[in-house]
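As they're listed, the protein sequences go chains A and B. My numbering puts the first residue of the first sequence at 527, with every later residue one more than the last. My numbering puts the first residue of the second sequence at 33, with every later residue one more than the last.
Keep in mind the hints are simulated off the structure, nothing from the lab. Misleading hints may appear alongside valid ones.
Claimed, not checked - Here are the simulated lysine to any residue pairs, SDA-like style, with alpha carbons at most 20 Å apart:
#	chain 1	residue 1	chain 2	residue 2
1	B	K229	A	W733
2	A	K666	B	R254
3	A	K666	B	M210
4	A	K732	B	P176
5	B	K228	A	F675
6	A	K754	B	N177
7	A	K835	A	I734
8	A	K732	A	Q669
9	A	K595	B	R254
10	A	K595	B	A75
11	B	K229	A	R676
12	A	K754	B	D178
13	B	K228	A	D678
14	B	K229	A	W671
15	A	K633	B	T280
16	A	K666	B	E253
17	B	K229	A	I734
18	A	K633	B	S281
19	B	K229	A	Q669
20	B	K229	A	D678
21	A	K666	B	R187
22	A	K633	A	W619
23	B	K229	A	F675
24	A	K732	B	V233
25	A	K633	B	R187
26	B	K229	A	A715
27	A	K754	B	P176
28	A	K732	B	V237
29	B	K228	A	W671
30	A	K835	A	W733
31	B	K229	A	P731
32	A	K666	B	V213
33	A	K754	B	T280
34	B	K43	A	A715
All of these numbers come straight from a predicted model, not from anything done at the bench.
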Amino acid sequence: MSAKHEDPTVVPSGNGNGGEGELYGYLAEYDTPGELKEAARKVKDAGYTEFDCYSPFPVHGIDPAMGIKRTILPLLIFGGGFSGAAGGLLLQWYCNAHAWTWNISGKPTWSIPANIPIAYECAILLSVFTAFFGMWILNKLPQVWHPLFRSDRFLRTTDDGFFLAIDARDRRFDAAKTRSLLQDAGAIAIEDVHHDPDPEKKVMPKWITAFIVASTAFALIPFAIAAKARNSYSPEPHIHIFPDMDFQPYNKSDTTNALFDDGRANRGEVPGTVARNHLQADTTFYNGLEMTGEQGTTTAKWVTGFPAKYPEEGRPFAVDQALLDRGRNRYEIYCSPCHGYDGRGQGMIPTRVAAGGGNWQARNLVEAPQANGAGGVAIQMPNGQLFNTISNGYNTMMGYAAQIPHADRWAIIAYVRALQRAQNASLDDVPADQRGSIR
Amino acid sequence: MATEASFEPGKAREHFRAITRDVSWVAEAPKPHKLWLAALGIAVLAFGWGLVSIFHLVTTGIGVWGNSNTVDWAWDITNFVWWIGIGHAGTLISAVLYLTRQHWRVSINRAAEAMTIFAVMCAGLFPLLHTGRPWFAWWMIPHPNDMGSMWPQFRSPLMWDVFAVSTYATTSILFWYMGLVPDLATFRDRCALQGKKVRSVIYGVLSLGWRGSARHWHRYERAYLILAGLATPLVFSVHSVVSFDFATSQLPGWHTTIFPPYFVAGAIFSGFAMVLTLMLPLRYLFNLQHIITQAHVHAMCRIMLATGMMVGLAYGTEFFIAWYSGNAFELFTFRSRAFGPFWWAYFAMVSCNVLVPQFFWSNWVRNNNVLIWILCIFINIGMWFERFVIIATSLSRSFLPSAWSYYHPTKWDVGLFVGTIGLFSMLFLLFFRFVPVIAMSEVKGASPEAHAGGKEGGHH
Chain A
527 MSAKHEDPTV
537 VPSGNGNGGE
547 GELYGYLAEY
557 DTPGELKEAA
567 RKVKDAGYTE
577 FDCYSPFPVH
587 GIDPAMGIKR
597 TILPLLIFGG
607 GFSGAAGGLL
617 LQWYCNAHAW
627 TWNISGKPTW
637 SIPANIPIAY
647 ECAILLSVFT
657 AFFGMWILNK
667 LPQVWHPLFR
677 SDRFLRTTDD
687 GFFLAIDARD
697 RRFDAAKTRS
707 LLQDAGAIAI
717 EDVHHDPDPE
727 KKVMPKWITA
737 FIVASTAFAL
747 IPFAIAAKAR
757 NSYSPEPHIH
767 IFPDMDFQPY
777 NKSDTTNALF
787 DDGRANRGEV
797 PGTVARNHLQ
807 ADTTFYNGLE
817 MTGEQGTTTA
827 KWVTGFPAKY
837 PEEGRPFAVD
847 QALLDRGRNR
857 YEIYCSPCHG
867 YDGRGQGMIP
877 TRVAAGGGNW
887 QARNLVEAPQ
897 ANGAGGVAIQ
907 MPNGQLFNTI
917 SNGYNTMMGY
927 AAQIPHADRW
937 AIIAYVRALQ
947 RAQNASLDDV
957 PADQRGSIR
Chain B
33 MATEASFEPG
43 KAREHFRAIT
53 RDVSWVAEAP
63 KPHKLWLAAL
73 GIAVLAFGWG
83 LVSIFHLVTT
93 GIGVWGNSNT
103 VDWAWDITNF
113 VWWIGIGHAG
123 TLISAVLYLT
133 RQHWRVSINR
143 AAEAMTIFAV
153 MCAGLFPLLH
163 TGRPWFAWWM
173 IPHPNDMGSM
183 WPQFRSPLMW
193 DVFAVSTYAT
203 TSILFWYMGL
213 VPDLATFRDR
223 CALQGKKVRS
233 VIYGVLSLGW
243 RGSARHWHRY
253 ERAYLILAGL
263 ATPLVFSVHS
273 VVSFDFATSQ
283 LPGWHTTIFP
293 PYFVAGAIFS
303 GFAMVLTLML
313 PLRYLFNLQH
323 IITQAHVHAM
333 CRIMLATGMM
343 VGLAYGTEFF
353 IAWYSGNAFE
363 LFTFRSRAFG
373 PFWWAYFAMV
383 SCNVLVPQFF
393 WSNWVRNNNV
403 LIWILCIFIN
413 IGMWFERFVI
423 IATSLSRSFL
433 PSAWSYYHPT
443 KWDVGLFVGT
453 IGLFSMLFLL
463 FFRFVPVIAM
473 SEVKGASPEA
483 HAGGKEGGHH
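One chain only, chain B, in its complex shape (with noise of 0.2 Å):
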């Protein structure tokens, strides 16, 4: 807690206003960076081919992908589990690392609660496809029908996914949405004192009224305090139950009590590295390396040393419960990750999530930016390989040795994936230029400016 500190008259006002400046530019610079505009064309081309393979799929069916009777779950739900696991790294950095006091949060967690916004978008979009008719995905929502009561089966797995995507989504966009509001009112002030009037209205509208009354503070303050309480269990409640879509099933490899905790610890292991796959150019570009400073950086390394160290652990842990269990299936199934046929991906998700984070252990590479963030795009695709050496390799080689295969995804598959990066990417570089990508007021409520004045020796 900081104490009463003495500044010259108007000295603390000057550092507010320095914040609100250096926030706004970003939004308020009149030509957009020219690398900013070259990675929103990638981006907009990468959603484009994603849209059409959208389009080819709904129009034709799933058995355009690569899917089939015995691996038949494969890229779709991988990614579904990928990039929902990615979102979960803003919601423990806005609202767990918010509990727990981390004032360093304050420059980060706007972004990084956009990115699981985009992320839990991007994710949603193939457990929907994959239903391969999803003009009747309103059917999991319970309503009274003509089909003879038929009603959603509550016991599945599957449902739980559904509440739990559903709520963690409408409690992400809730949550991020309030702490924008004091930001959208700054937006507002300044855009009607330059005199831009549309802008002024739109950013009006978005922001309330919002007026930084001390008695909205106090409820607001209430409300984000809950509501940062309520997300914590919920973030980790979501990754559990979609853990609980393998876990509970009786597939090798699957079947295991180990799956919660190992999938929340790897969802956040991959998270920062995408808020840092995210953050590092784009606070470069830009030019906020004052309020994301590289301590930022070092926490978020640390914290990826951390989980990919857990993540280690649970490698190791369901190799020695299948040797320990006696289970001949199970034993079966772990040899035949490392050593079948997809050997290749076990080795990947290996190096990339177990060897590369421990770099993280040196200063010198916490201070190299770009070293970081070639780790971290490693990091990435570790990750996407877990999920995807977890569904492939246990589908592949399950019960029936008649009914083995191997999996190779088809060009619809791999234009989906590359079409929710470009949409993932596409949103965020939007976000970054229309919305104030730092939380402007927590920044100022968390530097030492905002205790400034009052009484010598006053009270806390």
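For reference, chain A alone in the conformation it holds in the complex (with noise of 0.2 Å):
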């Protein structure tokens, strides 16, 4: 259709400059976009290799027509794909199964299910970079110095125009023959486009090339001040840009302070003063001491039974069912883990330990002494020395005096001695109306 237009608008000489400068080759303009492939179809099957077509939108089927062989693109994209899944995968080895293992919970340091997601979104974000730069380094693009801009009927193919441009360097252009395909074609206008006269725009302009050196250059001063700073010395402190907490004003202990007379920042007690409930002049039940004698020749005994008064609430210090009830809830809570919770000194910590190929038990609390006094340490230990061993610790023990208050602690002890009796009872020791029930 509309085969036969009026003769092409044929501008003799292109760009309004008087075509000085190398001819770069010619531009013609058709109609409509399947004028333009049935134009590049005939080029091609003239055996025309350099030359293009220019149009506002991709003209469907034009490929086939002007030879364009499938770009290998998606074979990059695909290569970018499988490297950032791999790379992904390595990261997270790396990271959390090499470099630094998380132990969380005794789950495996390496194990792919988790790993997925980012794994996955590493490789669309690798797949996303091939398919974005490797379009444009294949296009060649950018270059915004093309022969081609220098037509301004060029510019109307982002517009609406529909062109066809032959270069002159290819091996069949010729000045009267190439013109008469292209008129035969159905061009509507056919325009000859010249290079810049002036050598130095033909190529990329300078200041680009200054500009991408320069910006590359200033993009590796960081880079290069990081590598110095690794591989060099300073005692100088680090440059603090966000101080946080970092300087607070205030002194740490065992240091100088020239404000005292003593230049010391550590404040001692006022001489003559206690704290409050710091006193604790009740030995009996603050450390399990019995004193006897007078003052400056006292000896110390530890105490075999119990306070009796609570010192800061005055009130009478009672072993009834309550105090065992607290002493086994607390037992229960500190002691049970090494010491079991019958006091056999088989806790889940010997146990493990023993699991483990270990050698280590916990002392076993309610071991009755033998007929010559060995072993039993625990029962023939005084209360005061219960007293003092929870509050300070025995061998391999810890002091819990930091988590367990005076008070818990005899609630322990009148505890233990319950277990001790009671892992050593015989069915003499059960109230004769109960005796059947536990046989």
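Please dock the two separately framed chains into a single complex, following the hints provided.
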């Protein structure tokens, strides 16, 4: 259809600049995408290779008409995606399973399922980069200095123009024949396009090169600084861009402070004073010790019974069910992990030590002494010594003074005494009317 | 597929010229519309308020927010999920509808993609600021360091989030920019022909010297198709990963397998509501009704109807499973969701997200642009409440009754949220004025005139 247009508007020597400069080639305009496609087919069939079509949108079916080979881009993108997935997995393996292993509830340090999401995102990211940058690189863009841009007519290619340009470097290029080929294909205008006579403008403008070089060099500066810092020594402290709470106006302990006469930052207790609740004059309650003798010649021995009262509250100390319940509660929290619920020293920790092939046991608190007095250490200890053991530790056991208040230590002692009794009991210890229920 | 069409000589080119002119007009009009200026002014003010809120937050600490030890995720994460969900409609329009050959997408994909990028920018602010010390955000990037080989924990969903959201932002920007290049070249050439030197150079640098070569188009189309193919699984993965932040925890109301599809459907739902919220006034303002036609509005209304019902189904399923699982904690959580202290938020969520879209069954509603716009505002509100309900109700009523509490936002929560709305609106309004708002080359390629000429009975 509409094959016969008016004679094409031939612009004899292009660009309105008198046609100076080397000839780049012919630029022919066509009315419709369909006609451009047909012209492209004719040009290709005539044996031309150095030609290209230009249109505001991709013209359907023009690739076979021009003989464009399928791009290799999809393959490259696959490669990018594959390296992304592999690189993502490698990164996670290196970080979490090699350089710094995380033990979280004993889960394996390296397991694929939890690493899928990030490997997946990395695959997509690298595919996208390959697609985006690969496309521009294969298209040899950006290139803002193409000779065709010198033609005002060509600028309509992004609006409504359909163009075909044949490069003068094509071996079949012939001033007359090529022109008539384009004309016969139904061109509505044909124009000569010339390179810029200034050879400087034929290639990438210098200022663009300069900009790229300068910005690349500039971008490398931080890396250079980091590299230098890693390979050099400096006595200066780090630069604190964000100070956070790193610097606070207080004195650390055992440092100097010129404000005080003794030059010490530490301030001791004021002579003649006792801090609230720190008097602890009742040695029985607070230390498990019984003092005898006059002041200056006192001797101390372990208490065998229980304190008479709670010194802070003043109420009398009673060994009753409430005390035993409290003692049991505290015992099971603080003591049972090592000594076991029954006091035989078989708590969870010795059990796990044994499971790991180790040989360590907690003290058996309920072991009865033999006839010659050997063994049964805990049973033979006076209450005061048990109290001291809980407070300050014994052998490998640490002291629990920080965790267990004084009153609770006495409650635990009461419960341990009950355990010792119960674990070494015979049927005669059970009230007669209850013997039937435990047989 | 359009058949070979007959056009009078010059007619096809006239059509293409008209498209270029009508779209370029938006950017070329010597004076911007008064309403546009007013909207920009309001947006800048709101953004300013946001900046003040950020300054106060960063210099003081996140204690200025209403977050507490119990409700430790609150408006910040609500807003994050809300914004990122809005972004998803842009990718859906540009990638999923491209792969499924929905040609109507060409009129709105550019603006929808821009919306995606701006929404992701707003979304990214919230987790960044929620860290409390945003200047340490770079610790999330694995890098050799002198802190005893401190590496990120890659098995944490929060780390997945970092990778998913940053990949998504990068992909969206590259995809959008690639689509923009031919249209930026159109602007460049128009400016050159009109003698606007400075603009022509700026658009010229941005359009990378694009000259519409068929050999370039060939690779370009391949790359575009593959990017669409990559963006599609990406968009589903992103909101799935966002939902993992919740689903992999052990909190009743969060620990469910329904979350990924439920979140993705909600994201698309809210995203389309936002597209219409933006496009309905702007297409009127810039006279683009013949390019973004009522048929496009209809299509988007139908998508909202469908995804709105998916979201409704998810609400119902959650309740059913809470009862069917026999898990006392789960059941309690859902009871307290609907009838507990935040009942009003649940009520707002259900009415906005389940009841409001039912209007779109009616053809009359789908033709009434003012009503559609109002309904879309309600959907935006409803989807915000959905995220708030999920976060606040579960956290405020967790396992330990002694830890129960209520949540009140402070003025700094409000300030930051309003600030991101301002930032988003500001960027979108600027985009509308300075960037080709409609993918001209795609609209031209999708019109019947693109098949003009050629031989009678020509092959395809």
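Structure-based check of each hint:
1. B:K229 x A:W733: 18 Å, holds
2. A:K666 x B:R254: 16 Å, holds
3. A:K666 x B:M210: 15 Å, holds
4. A:K732 x B:P176: The hint is violated at about 38 Å.
5. B:K228 x A:F675: 16 Å, holds
6. A:K754 x B:N177: The hint holds at about 15 Å.
7. A:K835 x A:I734: Violated - the C-alpha atoms of A:I734 and A:K835 are around 92 Å apart, more than 20 Å.
8. A:K732 x A:Q669: At roughly 13 Å apart (the allowed maximum being 20 Å), A:Q669 and A:K732 satisfy the hint.
9. A:K595 x B:R254: 12 Å, holds
10. A:K595 x B:A75: 50 Å, violated
11. B:K229 x A:R676: Answer holds: B:K229 to A:R676 is near 15 Å, not above 20 Å.
12. A:K754 x B:D178: Holds, at roughly 15 Å.
13. B:K228 x A:D678: Satisfied, since the Cα-Cα distance of roughly 14 Å is no more than 20 Å.
14. B:K229 x A:W671: At roughly 16 Å apart (the allowed maximum being 20 Å), A:W671 and B:K229 satisfy the hint.
15. A:K633 x B:T280: 16 Å, holds
16. A:K666 x B:E253: 16 Å, holds
17. B:K229 x A:I734: Holds, because 18 Å separates the two Cα atoms, which is no more than 20 Å.
18. A:K633 x B:S281: Status holds; Cα separation ~17 Å.
19. B:K229 x A:Q669: Status holds; Cα separation ~18 Å.
20. B:K229 x A:D678: It holds: about 14 Å lies between the C-alpha atoms, which stays within 20 Å.
21. A:K666 x B:R187: 41 Å, violated
22. A:K633 x A:W619: Holds, at roughly 15 Å.
23. B:K229 x A:F675: Roughly 14 Å between the alpha carbons, so the hint for B:K229 and A:F675 holds.
24. A:K732 x B:V233: The hint holds at about 16 Å.
25. A:K633 x B:R187: 11 Å, holds
26. B:K229 x A:A715: Distance of about 27 Å is beyond 20 Å: violated.
27. A:K754 x B:P176: 15 Å, holds
28. A:K732 x B:V237: 15 Å, holds
29. B:K228 x A:W671: Satisfied, since the Cα-Cα distance of roughly 18 Å is no more than 20 Å.
30. A:K835 x A:W733: 94 Å, violated
31. B:K229 x A:P731: 18 Å, holds
32. A:K666 x B:V213: 14 Å, holds
33. A:K754 x B:T280: Judged against 20 Å, a Cα distance of about 43 Å means the pair is violated.
34. B:K43 x A:A715: Satisfied, since the Cα-Cα distance of roughly 17 Å is no more than 20 Å.
The structure shown violates the earlier hints numbered 4, 7, 10, 21, 26, 30 and 33.
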